[in-house]
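Novice: The listed protein sequences correspond, in order, to chains A and B. Numbered by this note's numbering, the letters in the first sequence go through residues 207 to 688 in order. Numbered by this note's numbering, the letters in the second sequence go through residues 2 to 603 in order.
Don't read these hints as lab results, they were simulated from the structure. Among the hints, erroneous ones may be present.
As the list claims (entries may be wrong) - Restraint ranges, calculated between C-beta atoms of paired labels, are given here: (1) A:Glu641 with B:Lys86: 29 to 39 Å; (2) A:Thr493 with B:Glu165: 30 to 40 Å; (3) A:Lys417 with B:Arg40: 56 to 66 Å; (4) A:Asp230 with B:Arg540: 26 to 36 Å; (5) A:Asp230 with B:Ala455: 50 to 60 Å; (6) A:Lys234 with B:Lys86: 53 to 63 Å; (7) B:Ala553 with A:Asp230: 54 to 64 Å; (8) B:Arg540 with A:Glu641: 53 to 63 Å; (9) B:Glu165 with A:Arg246: 38 to 48 Å; (10) B:Lys33 with A:Glu456: 33 to 43 Å; (11) A:Glu641 with B:Arg40: 35 to 45 Å; (12) A:Asp666 with B:Ala20: 37 to 47 Å; (13) B:Leu8 with A:Gly375: 19 to 29 Å; (14) B:Gly333 with A:Glu259: 52 to 62 Å.
Every residue, glycine too, gets a C-beta built ideally from N, C-alpha and C.
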Amino acid sequence: MNLLTEAFIDQLAPNAGAMKNGRDLVKKNSFQVLRIAEDRTLLFGECKGSGKEPYRCSVDFIQQESPVSRCSCPSRQFPCKHALGLMYAFALGKPFEQAEIPADIAEKREKAEKREEKKKAESAEAREVAPPAKRKVNKSALLKKMNAQLEGLSLLEKLVLQTVHHGLGGIDKQTIRLFEDQAKQLGNYYIPGAQAELKELVLLLTEEDNKEAVYTRAMEQLIRLHALVRKGRSYLEERLADPDSPQDTETALEELLGHAWQLAELRELDRVKRDAELLQLSFLSYTDKARGEYVDAGWWVDLHDGTVHMTRHLRPFRAAKAMKEEDTVHAVVQAEELFIYPGDGNARVRWEKAKQREAADADYSAVKSLAADSYADVVKAVKNGIKNPLSDRNPVKVVAFTAIEKVVDGYTLRDSHGKHLPIASTIMKAPQRLEEILPLLPAEDLREQAVLVMFRHDVDTGRLEVQPMSIITERRLIRLLY
Amino acid sequence: MSVDLLLHLQQEVRRLFVAGSALAEGDLRLSKMVPSLRRIGESAPVFNRLADAAEGLLFASQADSSAKLLELSTLLSAILHTQGKTDVQGNPQPVESEGLQLSTDLTYRRLYPLLIALTTKGQGRLEQLRQSFEDRSFLDLRVVPAICGALDDVYAEIPDFVQEKMIPEIGEAAIPVLRAGLNLQGGKGDARRLKLLYQLKGDSVLELVKQAGSAGTTDLKIAAIELLGSYSDQEGFLLEQSSEKRREVRQTAFYALARLGSPKAIDRLLEAAMSKGGELVIEPIQSCDELELHRRIILKAEQELSRYIELEGKDRVSAIGLLYTYIRCLKGRGHALAGDALPLVKRLLHTEAFIVADTEAVQEAAAELLLELNIEEADEFGIELHTRYKRKFIGYSFQAAYRRLTPSELYDRYAQDLKGRSASAKSLQNALQSIVREQAYQGNEKAYVVHEGAWDSRWIHVFAEQDLTELVCVFCQEEDREITSYLTSKLKERARIQDYQTLSVLLALFRVGYKNATELLMELLRSQGQRTFYHIDIRLQSMIASLPKSYAPELRDIAGNMAYESVKEQMIELIEALEAAPDAAAEERGNGVWEWIKNKMS
Numbered sequence: 207m208n209l210l211t212e213a214f215i216d217q218l219a220p221n222a223g224a225m226k227n228g229r230d231l232v233k234k235n236s237f238q239v240l241r242i243a244e245d246r247t248l249l250f251g252e253c254k255g256s257g258k259e260p261y262r263c264s265v266d267f268i269q270q271e272s273p274v275s276r277c278s279c280p281s282r283q284f285p286c287k288h289a290l291g292l293m294y295a296f297a298l299g300k301p302f303e304q305a306e307i308p309a310d311i312a313e314k315r316e317k318a319e320k321r322e323e324k325k326k327a328e329s330a331e332a333r334e335v336a337p338p339a340k341r342k343v344n345k346s347a348l349l350k351k352m353n354a355q356l357e358g359l360s361l362l363e364k365l366v367l368q369t370v371h372h373g374l375g376g377i378d379k380q381t382i383r384l385f386e387d388q389a390k391q392l393g394n395y396y397i398p399g400a401q402a403e404l405k406e407l408v409l410l411l412t413e414e415d416n417k418e419a420v421y422t423r424a425m426e427q428l429i430r431l432h433a434l435v436r437k438g439r440s441y442l443e444e445r446l447a448d449p450d451s452p453q454d455t456e457t458a459l460e461e462l463l464g465h466a467w468q469l470a471e472l473r474e475l476d477r478v479k480r481d482a483e484l485l486q487l488s489f490l491s492y493t494d495k496a497r498g499e500y501v502d503a504g505w506w507v508d509l510h511d512g513t514v515h516m517t518r519h520l521r522p523f524r525a526a527k528a529m530k531e532e533d534t535v536h537a538v539v540q541a542e543e544l545f546i547y548p549g550d551g552n553a554r555v556r557w558e559k560a561k562q563r564e565a566a567d568a569d570y571s572a573v574k575s576l577a578a579d580s581y582a583d584v585v586k587a588v589k590n591g592i593k594n595p596l597s598d599r600n601p602v603k604v605v606a607f608t609a610i611e612k613v614v615d616g617y618t619l620r621d622s623h624g625k626h627l628p629i630a631s632t633i634m635k636a637p638q639r640l641e642e643i644l645p646l647l648p649a650e651d652l653r654e655q656a657v658l659v660m661f662r663h664d665v666d667t668g669r670l671e672v673q674p675m676s677i678i679t680e681r682r683l684i685r686l687l688y
Numbered sequence: 002m003s004v005d006l007l008l009h010l011q012q013e014v015r016r017l018f019v020a021g022s023a024l025a026e027g028d029l030r031l032s033k034m035v036p037s038l039r040r041i042g043e044s045a046p047v048f049n050r051l052a053d054a055a056e057g058l059l060f061a062s063q064a065d066s067s068a069k070l071l072e073l074s075t076l077l078s079a080i081l082h083t084q085g086k087t088d089v090q091g092n093p094q095p096v097e098s099e100g101l102q103l104s105t106d107l108t109y110r111r112l113y114p115l116l117i118a119l120t121t122k123g124q125g126r127l128e129q130l131r132q133s134f135e136d137r138s139f140l141d142l143r144v145v146p147a148i149c150g151a152l153d154d155v156y157a158e159i160p161d162f163v164q165e166k167m168i169p170e171i172g173e174a175a176i177p178v179l180r181a182g183l184n185l186q187g188g189k190g191d192a193r194r195l196k197l198l199y200q201l202k203g204d205s206v207l208e209l210v211k212q213a214g215s216a217g218t219t220d221l222k223i224a225a226i227e228l229l230g231s232y233s234d235q236e237g238f239l240l241e242q243s244s245e246k247r248r249e250v251r252q253t254a255f256y257a258l259a260r261l262g263s264p265k266a267i268d269r270l271l272e273a274a275m276s277k278g279g280e281l282v283i284e285p286i287q288s289c290d291e292l293e294l295h296r297r298i299i300l301k302a303e304q305e306l307s308r309y310i311e312l313e314g315k316d317r318v319s320a321i322g323l324l325y326t327y328i329r330c331l332k333g334r335g336h337a338l339a340g341d342a343l344p345l346v347k348r349l350l351h352t353e354a355f356i357v358a359d360t361e362a363v364q365e366a367a368a369e370l371l372l373e374l375n376i377e378e379a380d381e382f383g384i385e386l387h388t389r390y391k392r393k394f395i396g397y398s399f400q401a402a403y404r405r406l407t408p409s410e411l412y413d414r415y416a417q418d419l420k421g422r423s424a425s426a427k428s429l430q431n432a433l434q435s436i437v438r439e440q441a442y443q444g445n446e447k448a449y450v451v452h453e454g455a456w457d458s459r460w461i462h463v464f465a466e467q468d469l470t471e472l473v474c475v476f477c478q479e480e481d482r483e484i485t486s487y488l489t490s491k492l493k494e495r496a497r498i499q500d501y502q503t504l505s506v507l508l509a510l511f512r513v514g515y516k517n518a519t520e521l522l523m524e525l526l527r528s529q530g531q532r533t534f535y536h537i538d539i540r541l542q543s544m545i546a547s548l549p550k551s552y553a554p555e556l557r558d559i560a561g562n563m564a565y566e567s568v569k570e571q572m573i574e575l576i577e578a579l580e581a582a583p584d585a586a587a588e589e590r591g592n593g594v595w596e597w598i599k600n601k602m603s
């Protein structure tokens, strides 16, 4: 708890509002009682609320990295602003009075300890007896589901073919309404991924301005939908014929159809990496209208092999209020088990238990040394990936550069072989403008460094461009996004 | 070559997507492309596949056409995605780096709201800026361009805050961004940029400032003149600008000249005051520290007064206008100029021929100046004006007398004039009220009562008699049966919880310790505490806080029925403070709670 810094508390907060509210409580002197346990593992206190009784809150640091907060307020956010305020008060050096641990918390601690012990005993027992049993799958239900999925894909195909038949130029409000209905109907066929892709097309078509650009994008989306139908159908038919065959883990097809991978499944499929060390290179939060959710996306580099992974925390609109908003992470994350989702390109990852340590110069140097230094190779790999209509259209890579240079219409990266990668600044939208920030940087950061970039193939101009997201030098990370 | 062919094919495919594949059968433009595809196909087999797919589409039936078009486009799109160009145009040049050492460590959840506040419109933005300023999170490289961009914001408080607080704190790091953004032909935002550049870099941007002064747009010109006002070698430029066509520029130049205070500057200001648009130069002259200028203006005023007396018609009107300008030029400098200005004011107000309707405004200005002189001789002259000209100047006379006479002398001299509805009674009341306002309502700690011992105790009865309730309330220092009965009768007439006067009366009753005061307050809360109660006046808060503890349960009942949530919360806080207070002597407790509340609000 001695390491309780404001930055750490910020990280615990579910959203920016909670951070502010917590700090305000300290500023307004709303804490009437501030106490600390003798062994410095527990903060507790009383905070004035709107009611007659003050809220009694506490933060338990018996497990340093994951403090447990408790509060008598009815908030559904965890930690609530009172618990956050309690921690901020400590971090800001307010006087805490030493006191006995209250009985109710001691009791809760005991219970938690017992639970933990029981769990350990169980898992030890389980390990002794046998390897964990494979999860059972209800075969007839699975067959029924796959049949429904096939039916859904046929429906989608019909819609796609019809659209192509009549042409994009003839789409009016009525057709769009029809599409919306169809998209809703697709919800009955267990293919939410495909449904979302269709919704994306609908959203594209409802865009008012710049019809010409919309046509190109709509065309690409129709190609993608068509490919999804074909690949999805042949995959499902294959599995129908042989229900015991394993799920596809080479590509992201299952996820594209709408399967939500569970950690247990990933473990079964052996898509787990032990003791991985990851450094977040960039972060972005955006709204995915088609899927109806906020996405907190993080791009992480595996410090051992230089792979760039992605984390995606999804917050559906309906539940967004009660969910934690993710944020930029500066520390190195040490994940006990790193779960890697099926897919090509920047595979999505997740972890359950992780420790953090401060990022050191050695980490930045490691990332730099792992950066790809030949653009010819990188571009080849990227092109090979994006030619598949179902692949991630915007792969992200760490590349080395000898210089960032200015050209007539913007900037460009140059590698040690003199090859260029043109820079675009509109691949990801952000209020800060790349072209304004780049020239402000010190000269040494614009030479002989590495950079995290996102690729985009512009169908209209036939150009392959990159948007720098972060520059990595030996001593620091310059985040151009977040 | 072959890439161009592919792009061409892409155009055709896109056209068919827009038009619909139903029209693709035998499409001329597409069929013309097949031979070229075949030709290249001899060496690159993938083009043969494209040609096959294109033919498949050309000969497909209507029903099949869409599948065939998709087939062709999928293949084409895959090929094109392997052909993305990464070449650059022209000769790449090194970036001219500004070398800022600011970090980029601010996390998304703190950076994003700040950037949004700086780059979009909407409410709550200033609050966000203040917060970021307070926790210093705005010192991030990614924010600097947005902060400098916010100088152009139309909601003036944002650029004000950015200019006064944030950019000075960023300091030198903002210079390159400001410099790059500065447009001498721009508007207010660019004027702010110029000022900031000068503030951050000082004399080294003097050339730029001069350039803005000579060739910039109005906004920039004004900014430049303001900045150049402190350079004596810019006198010529400022003199030149003081005859500029545009009013705003002229006025700024006048201010700058007034600051300069050189002999030539004074000549020019005087000249401007004498000319037609003298109005514009009044405030700059008031701001000038060289009193020589004001003395010369007094001389001019004496001359105009003589002209007024001698002349008639048009000339007379112009003399009045000039006099009016001159006298207002002296405002704010009265005390320092007392010796020079008194003879002028005396002469003005002693000249019977001058006290006519046409010169009303000049008379008022002169009388105000008289009060401002604030020396004994001037005030004596003021007191003398008491009954002159049908008591026209009684208000000014009273204010002068308040400074010089004892309370009882003041009362004896003026009390009778307060009665009635005549114009002089009204102006006396106004003068009285303006003195009272200063004593009772100004300053951080509003007292709502006049200074003790500053007034004769008989006044309050005159006020009660004249039904000047507000004055009675602020003069109410101790319990007096007659006065309390007047005040309670006022409450009976009209008592509204949101009414200013009602609260004044109650507060006066509380102050003098009237025994039924608490009950009157409770009565009011009981009857009106529910519906129309949308704001707890600070005076009401203080009264509730001084209630005896025994009222707490009933207050809770009342609070329970309140319609407005915020008022209810405030009320509950008050009650809680009341309940929490120790059972000390009644008065002490009341104060204790009140102190606590003030503490909480600050």
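Novice: Would you mind marking each hint as holding or not holding in the structure?
Specialist: Verification of the hints:
1. As the Cβ distance of glutamate 641 of chain A to lysine 86 of chain B is approximately 21 Å, the hint placing it in 29 to 39 Å is violated.
2. Separated by about 35 Å at the C-beta atoms, threonine 493 of chain A and glutamate 165 of chain B satisfy the suggested range of 30 to 40 Å.
3. Taken as a hint, the range 56 to 66 Å is violated for the pair lysine 417 of chain A and arginine 40 of chain B, whose Cβ atoms sit roughly 35 Å apart.
4. Between aspartate 230 of chain A and arginine 540 of chain B the beta carbon distance is about 28 Å. The supplied range of 26 to 36 Å therefore holds.
5. A C-beta distance of roughly 43 Å is found between aspartate 230 of chain A and alanine 455 of chain B, which places it outside the suggested range of 50 to 60 Å.
6. For the hinted restraint 53 to 63 Å between lysine 234 of chain A and lysine 86 of chain B, the CB-CB distance of approximately 59 Å keeps it satisfied.
7. Taking the beta carbon of each, alanine 553 of chain B and aspartate 230 of chain A are about 28 Å apart, not inside 54 to 64 Å as hinted.
8. For arginine 540 of chain B and glutamate 641 of chain A, the hinted distance range of 53 to 63 Å is satisfied, since their beta carbons lie about 58 Å from each other.
9. Against the hinted window of 38 to 48 Å, the Cβ-Cβ separation of glutamate 165 of chain B and arginine 246 of chain A comes to about 43 Å, which satisfies the hint.
10. Range check, lysine 33 of chain B to glutamate 456 of chain A: about 41 Å between beta-carbon atoms, so the 33 to 43 Å window is met.
11. At about 43 Å, the CB distance of glutamate 641 of chain A to arginine 40 of chain B agrees with the hint of 35 to 45 Å.
12. Checked against the hint of 37 to 47 Å, the pair aspartate 666 of chain A and alanine 20 of chain B fails, with Cβ atoms roughly 18 Å apart.
13. A hinted range of 19 to 29 Å for the beta carbons of leucine 8 of chain B and glycine 375 of chain A is consistent with their spacing of about 21 Å.
14. For the pair glycine 333 of chain B and glutamate 259 of chain A, the beta carbons lie near 58 Å from each other, so the given range of 52 to 62 Å is met.
In summary, the numbered hints that this structure violates are 1, 3, 5, 7 and 12.
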